[in-house]
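Asks: For the sequence shown, our numbering gives the first residue as 1, with consecutive numbering after it.
The reader is advised that the hints may include incorrect statements.
No farther apart than 20 Å at their CA atoms in a straight line, the calculated lysine to aspartate or glutamate pairs in the EDC-like style are these [claimed, not checked]:
(1) Lys155 x Asp230
(2) Lys44 x Asp320
(3) Lys31 x Glu54
(4) Lys296 x Asp243
(5) Lys196 x Asp230
(6) Lys31 x Glu253
(7) Lys255 x Asp35
(8) Lys66 x Glu54
(9) Lys204 x Glu173
(10) Lys255 x Asp334
(11) Lys203 x Asp223
(12) Lys255 x Asp337
(13) Lys203 x Glu173
(14) Lys241 x Asp256
(15) Lys214 x Asp35
(16) Lys330 x Glu253
(17) Lys336 x Glu291
(18) Lys31 x Glu117
(19) Lys203 x Asp157
Label-pair ranges, simulated between beta-carbon atoms [said to hold, decoys possible]:
(20) Gly158 x Lys196: 34 to 42 Å
(21) Asp230 x Val105: 32 to 40 Å
(22) Glu290 x Asp118: 34 to 42 Å
(23) Thr78 x His132: 18 to 26 Å
(24) Thr254 x Asp157: 42 to 50 Å
(25) Arg52 x Arg212: 36 to 44 Å
Just so you know, the hints here were simulated from the structure itself, not pulled from any lab data.
Since the model is a prediction, treat every value here as computed from it, not as a measurement.
No residue lacks a Cβ here, since even glycine has one placed at the ideal position from N, Cα and C.
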Amino acid sequence: WLWKTIAKFKNKVTMRPFLLQGHERPITVVKYNADGDLLFTASKDQIPSVWRSENGERLGTFHGHKGTIWDLDVDRFTNCLLTASADATVKLWSCETGECLETFVHRGPVRGVCWAEDNRRFATISDPFVEHNAKIMVWDIEQPDGPILEIDLPKIDGKRVNSTNIWWTYLNEHIFVSMDNGVMRLYSPETGNMVKEIVGHEKKVNRVQFNREKTLALTSSADFTSKLYDAVNWTHLYTYKTDRPVNDAVISETKDHILLGGGQEAMSVTTTSGKVGKFETRFFHLVYQEEFGTVKGHFGPINALAINPNGRNYASGAEDGYVRLHFFDKSYLDMKDPVPEADDEEGAEESKEDKAPAAPKPHHEYDESIMDA
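Between the sequences and the hints, there should be enough to build the whole structure, so can you do that?
Replies: Right under this line is the structure:
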């Protein structure tokens, strides 16, 4: 069943991407809004951009940062955008006008930002800087003077801890943070106390993505694996193994598929061809953990992935500075994932029918009382 699916995908699916050439340096993050009609992108060139997802048209840019944009997040109604930058600030923007509404100053480079579900609060993570440890902060957009909660991340065995991603869990129950030592933690947004610690990977957790309902969490790590977790009780479900560092991975909202992106280390890209560097997007089945397709195109490691909530297109951003907006063709959208047990049973039944003579049609006897009724 799996090889049939692979053959169909490779032979019939033809991706026709739009090449979005709006950034001058490596892409750091790509993200769709909740409706899926807009795509927000950021890179190390300090200027985030917004695009129309149906045709790749660039709608505008957001000017004001003085450092790399490491993360961004747009609110549920696409009214405001948050951007986290290496210039130690988070900026609040109007999505309609591109105007900077507020600046939230931190003590070190800001690595991640995430809206709470109330669209008033947001959480950030910042790197250690000089004598300051890494911080987790919760802010209220109506109180820009300082955070309403601050969590200090002290050194572990004399080494500083760097956070890589931050999320709010379902209904703002916890703040989820991943670390560069492979550990993930849950914190209480009211008290700041650590609720749970999960040792998920052997190396750095590069990115974490949740599905829309926040019932599943998918991690991407430098240890060549991506892992799926139940985001309710945080039990490990599946592992997707590759032969390269995984920089980002996303869960399809319409199919049981996982998209993985990564590649060789960025420092070695200039001495390696695209074929050897393995800079393609890889498609895995969510349950069976089998790879069934790849999409090539980038000339550097893929740093960021995002899939449209409607499941019809996805975006990838890479070290080469390009964002590729890929549209799935009809054969992929109509493709149904076969059930191995059902295929085995059908094959067994077909072999039995070939060997055995045709059976006479059964004669059905009906209860007359039922027929009269």
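Asks: Hint by hint, note whether the structure agrees.
Replies: Hint check:
1. In summary, the hint linking Lys155 to Asp230 is not supported, as the alpha carbons are separated by about 29 Å, beyond the 20 Å threshold.
2. In summary, the hint linking Lys44 to Asp320 is supported, as the alpha carbons are separated by about 11 Å, within the 20 Å threshold.
3. Of the supplied pair hints, the one linking Lys31 and Glu54 holds, its CA atoms being roughly 14 Å apart against a limit of 20 Å.
4. Of the pairs offered as hints, the one joining Lys296 and Asp243 holds, with about 16 Å between alpha carbons and a cut-off of 20 Å not exceeded.
5. Among the hinted pairs, Lys196 with Asp230 is consistent with the structure: their alpha-carbon atoms are about 14 Å apart, no more than 20 Å.
6. This hinted pair checks out: Lys31 and Glu253 have alpha carbons roughly 14 Å apart, not beyond 20 Å.
7. Under the criterion of a C-alpha separation no larger than 20 Å, the hint pairing Lys255 with Asp35 is consistent with the structure, at around 18 Å.
8. A C-alpha spacing of about 31 Å is found between Lys66 and Glu54, which places the hinted pair above 20 Å, so the restraint is violated.
9. The hinted pair formed by Lys204 and Glu173 fails the criterion: a straight-line CA distance of about 25 Å is larger than 20 Å.
10. At most 20 Å may separate the alpha-carbon atoms for a hinted pair to count; Lys255 and Asp334 meet this at roughly 10 Å.
11. With a CA separation close to 5 Å, the supplied pair Lys203 and Asp223 stays within the 20 Å bound.
12. For the suggested pair Lys255 and Asp337, the alpha carbons sit about 8 Å apart, so the restraint of at most 20 Å is met.
13. With a CA separation close to 27 Å, the supplied pair Lys203 and Glu173 exceeds the 20 Å bound.
14. As the CA atoms of Lys241 and Asp256 are separated by approximately 17 Å, the hinted pair is consistent with the 20 Å bound.
15. Taking the CA atoms of Lys214 and Asp35, the gap is about 17 Å. The hint holds against a cut of 20 Å.
16. Between Lys330 and Glu253 the alpha-carbon distance is near 17 Å, which keeps this suggested pair within the 20 Å criterion.
17. As the CA atoms of Lys336 and Glu291 are separated by approximately 15 Å, the hinted pair is consistent with the 20 Å bound.
18. About 17 Å separates the Cα atoms of Lys31 and Glu117, which keeps this hinted pair within 20 Å; it holds.
19. Using a Cα cut-off of 20 Å, the hinted pair Lys203 and Asp157 holds, with the two alpha carbons roughly 16 Å apart.
20. Under the hint 34 to 42 Å, the C-beta atoms of Gly158 and Lys196, about 24 Å apart, miss the expected range.
21. Checked against the hint of 32 to 40 Å, the pair Asp230 and Val105 passes, with Cβ atoms roughly 37 Å apart.
22. In this structure, Glu290 and Asp118 meet the distance hint of 34 to 42 Å, their C-beta atoms being roughly 40 Å apart.
23. For the pair Thr78 and His132, the beta carbons lie near 34 Å from each other, so the given range of 18 to 26 Å is not met.
24. Distance hint check: the CB atoms of Thr254 and Asp157 are about 44 Å apart, consistent with the given range 42 to 50 Å.
25. Between Arg52 and Arg212, the C-beta spacing of about 21 Å breaks the proposed range 36 to 44 Å.
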